[in-house]
Amino acid sequence: MIELKDLSKRYISKNKYGKKLRVDALKQLSLTLVSDTSYALVGESGSGKSTLARILACVERPTSGEIWFDGKNVAAMRSKALRLKRKEFQMVLQNAQSSLDPRLRIYDSIAEPIRCLTQTSRSDERKMILEIAEKVQLPEALLERFPHELSGGQQKRACIARAMSVSPKFIVFDESVTGLDVTLRKQILDLILQLNRDGRLSMFLFITHNIDVALYMADNIFVMKDGSVIEQLENAASYGDFRHDYSRMLIESLPPRSPLHR
Amino acid sequence: MFRYIRKRLTNLIVVLFGVTVLSFLLSNISPVDPAEAYARRILKSPAPQKIEEIRLKMGLDLPLYQQYINWIGRCLRGDLGSSLLTKNPVNYDIAQKLPATMQLVAIALFWILISFIPIGIISAVRKNSLFDHLIKGVAILGISIPSFWLGFLFLFIFAVTFPVFKVIDYGNIKSLILPSLVLAIPTASSFVRLFRATVLSNLNKDYVVYAKARGISSNRIVWGHVLKNSLPPIVTLFFQHLGYMLAGSAVVESVFSLKGIGLHLLNAVTARDLPTINGCVLVIAIIFVLCSILADVINMVLNPRITDKEEGLYE
Amino acid sequence: MNKALLKNKQILIGLALILFVSTIAVFAPLIAPNDPNKIDALNKFLSAKGEYPLGTDQLGRCVFSRLIFGARYSLGIAVPTLLALGTMGLAFGTAAAYIGGRLERVFLIVCDIFMAFPPLIIVLSLVGALGQGLEIILAAVIFSMWVWYAKVIRTYAGIERAKDYILASKIAGCSGLRIVSRHIIPNILPQCIVIVSTGIAALILMVSSFSFLGLGFEAGTPEWGAMLNQARSSFYSHPRLVIYPGLCILLTSAGFNLFGEALRDVISPEEASE
Amino acid sequence: MTELLKVSKLCIGLKPQTFPIVKNVSFALREGTSLAVVGESGSGKTITCKSIMQLLNPKTFQVSGSIRYRKTELLTMDEKGIRALCGSKIAMIVQNPMTAFDPTVKIGAQIVETLMAHQRISKRDAYASGILALQKMNLPRCEQLMDSYPYTLSGGMLQRIIIALSLIHEPDIIIADEATTSLDVKNQNMVLDELEKMKRNGIALLLVTHDFGVAAKLADNVIVMREGKIIERGTVYDIFESPREAYTKELLKASILKRGNCID
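Chains as they are written, first to last, in my numbering: chain U, 1 to 262; chain F, 1 to 315; chain W, 1 to 274; chain Z, 1 to 264.
Be aware that one or more of the hints could be misleading.
As the list claims (entries may be wrong) - Capping the alpha-carbon separation at 30 Å, the derived lysine-lysine pairs in DSS-like fashion look like this:
#, chain 1, residue 1, chain 2, residue 2
1, Z, Lys106, Z, Lys6
2, Z, Lys6, F, Lys228
3, Z, Lys197, W, Lys9
4, Z, Lys15, W, Lys9
5, F, Lys136, W, Lys9
Keep in mind that the hints were calculated from the coordinates and are not lab data. It should be emphasised that the depicted structure is a prediction, and the values quoted were computed from it without experimental measurement.
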């Protein structure tokens, strides 16, 4: 179980006159994520959803607040302990190509969490990677290639494989299908759902700006605006379940699904 | 904007302070005891107590930071000591030699300015044309050629074989044409390469496509927008090179027997005339820092966005 | 990219020149027909023939042999110095970029201070203070140039550090040291090779101009710049004594420049995008 | 209804081996109608629309076939002729408004420049009509906008300026190349509404998009492209209600996510 308590994040930047600007990316945010459940989070750019993703993956620290992960406050952990804790939570970034080191073979990229976080022999490591590659439908022959030799979909699969290689308890997907073609998007979403059904990926948070994607991925949906969660749904099944004015506005701004609904 | 200028100025003061400290340290690094050197200059064979007396008088027994404060105080009053070689005050010598070198550098900068902008742009616009390949070759030759050798070649071609210029000639602009060209060619060559690359990357930017779609003529796009966007990195370099040329003039002045600050410094180095060396170093470093302010100001006018970007760098 | 390297004519020409000069430097005693330092007062200013393929100089020494031995000085100084500079630059640059924050700011100010002194000036003032000698010149070169390499490499490392895959490695659990050594450094290595290669060319020019100015080498050393300096007085009567060493310097530095600049073209994104 | 734009047998290849990117593409755009070119990335849709305005670098792309605007052939037209047409009779709305303007020049100057490229007009008058054009788009504080640099404005704001700029010469055709892709939901909606308004005012629209929603809202006719070829064409109702090709069906299914149509 993950509990976020009064999480705040404030960025201090300066405008061109040197005046300090405070941006509250997260405002006193509290959330509870239960184990073995999938979640989706919807928000527009600037809503703080990416900040939340980064804080959840502990690549950034909150300005204040606590993150309780299985009874431990991750936000207060020392860097080294935190690094080892990454075995339990992982994140998949938005852009697959740029999140793979161009000079590392796909195999080595996928193996990185295993090598950094666990003491596994090379032969066990190989078994684990082959197994995970099969799970994400990445042919074995591709593992010895470099990222630029793979298609966009294959790169995405490699990123998912990397996050799953240490069998984490929880994975954050930050806008992981944004910018993909629709057919590819569906393939990746279906892959994640498939892994979820197989029990390999029992708990995840899927962050997106697209309500359709959110509805497709999870029953539990959060809507974020200006650093706060403004609506929280359980068992959401359709547009009609959203009540908040902002959520309704987002839905009404969507282009029609068919010319008949113009 | 104002905050930005203030920030740059604070930064500048820190740098200037560092420059004086480094100059001071460079002048103190010598294993030669300055008191003894000074004593030997005024007396034939000074007695040890005489040297100690001089050391006290010159303040050389004080701790290093005290000496630095005294030294900087003298510098601010314009007193850089007097040369061991010419016996003149150092600042007098520098004032005598600097204008000639400045003139040389100014003409060289003029050559650079009128060459790299048009050549760089045309070379980028006509990428992979014959002209572009030619320029590429010439530029590599230009950055690989030793300048003293180029000077001799020029002398041999233009003064001996085809006597357009005199071998030794003083005091007029014509006499500075060959030396300034020698000084300009390596720098101009490296600028052409860099500028061409910057222009090329700008030509691939979205704003060029949209400007075309709005119906703006390609001439206006290239010579207006692309040029303005490609200049900032080179402006910084341009003023940086002004400083280097002051120093690099030593080689050219030696080849063409010009009496400028470079040759003066070189003579001082050979004679181990420390006060002169330190004076020259300080003056050149300060000119260099002043040039970098000028570059900043020009870049600010060219691209107001820089004020935002730089902020992140020092903040 | 490796294929692109081998297809590029400019890179091949550059490499060929570098290899050519290096071979000459290594096998100088085997190639040179005469002792480069043997003075023969009877055979001054001989023109090229038989025993002396390029004639003799103002002291009757074999010009050809001296040119061949000169390669040893140019490469022997420039290559190790540049490797030292490159290593220092890599260490300081990546450290500053990775750690960031206040340390990086201090680093930038130190860079600005050092960069306010043209390298030639630092070298001249150090030589003036400490006296002549090759080791002093080399120390001065390293002292004056290290910031340039460190600052450029910091920029490259900074660009690399901001990329997604570094964040991804962090999420994968890499330690800071591993990120720098396994990810950042391998990815900026091509750019580093470029600056080291063009840096060697610049250093060859710089060292030869020092020895041309009479700094650094003992009189009579068969170094190209020094040879040029000694031939100055007889320039108008025997221009070839000035032409040959200059040509050697030009060819060597052109080799490194051709290689470095072509490599830059291959790896720079502007050229690749079309 | 006259045919405003007629593209026939357009082939585009990548030099030097003329690797084909667009193969034998033909379509026509009639006055007052809208046509959506739908396809995934790499389908050649953006290249096709760029070739209409001769925005492709002739050194990298080999273009053959014919593109006619009314009676004039555009492909063989000289640079001067095509630039006179672009921005006046045929205008364009670009994908990423944040990078569309020269970052070092104020918005006002770039608007004035566009006006002066197409008509004999004094700088002062051009500035005044620039402000007028921005006001028509209901933009706030137009004088101040004219005096600001592009990077100080938001994407939505810049896209509105681009729309205002595209309308400034009363064009016949507007090409919208993924005009909503980089915007947030609210601004996407704003752009779609503006495009709809243009259509009502009789401007022909060429919409290049990967999003079937855009086509559903605005298009009269739809072309589906894949790997440089047109694989299906028809009215928007045909395509949505009774697609013939398997690929079109797959695209439609993938673009409209519904739980339960998950495979297996």
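Results of checking the hints against the structure:
no. : hint                 : result
1   : Z:Lys106 with Z:Lys6 : violated, 36 Å
2   : Z:Lys6 with F:Lys228 : violated, 38 Å
3   : Z:Lys197 with W:Lys9 : violated, 57 Å
4   : Z:Lys15 with W:Lys9  : holds, 20 Å
5   : F:Lys136 with W:Lys9 : holds, 13 Å
This entry does not satisfy hints 1, 2, 3, going by the numbered hints stated previously.
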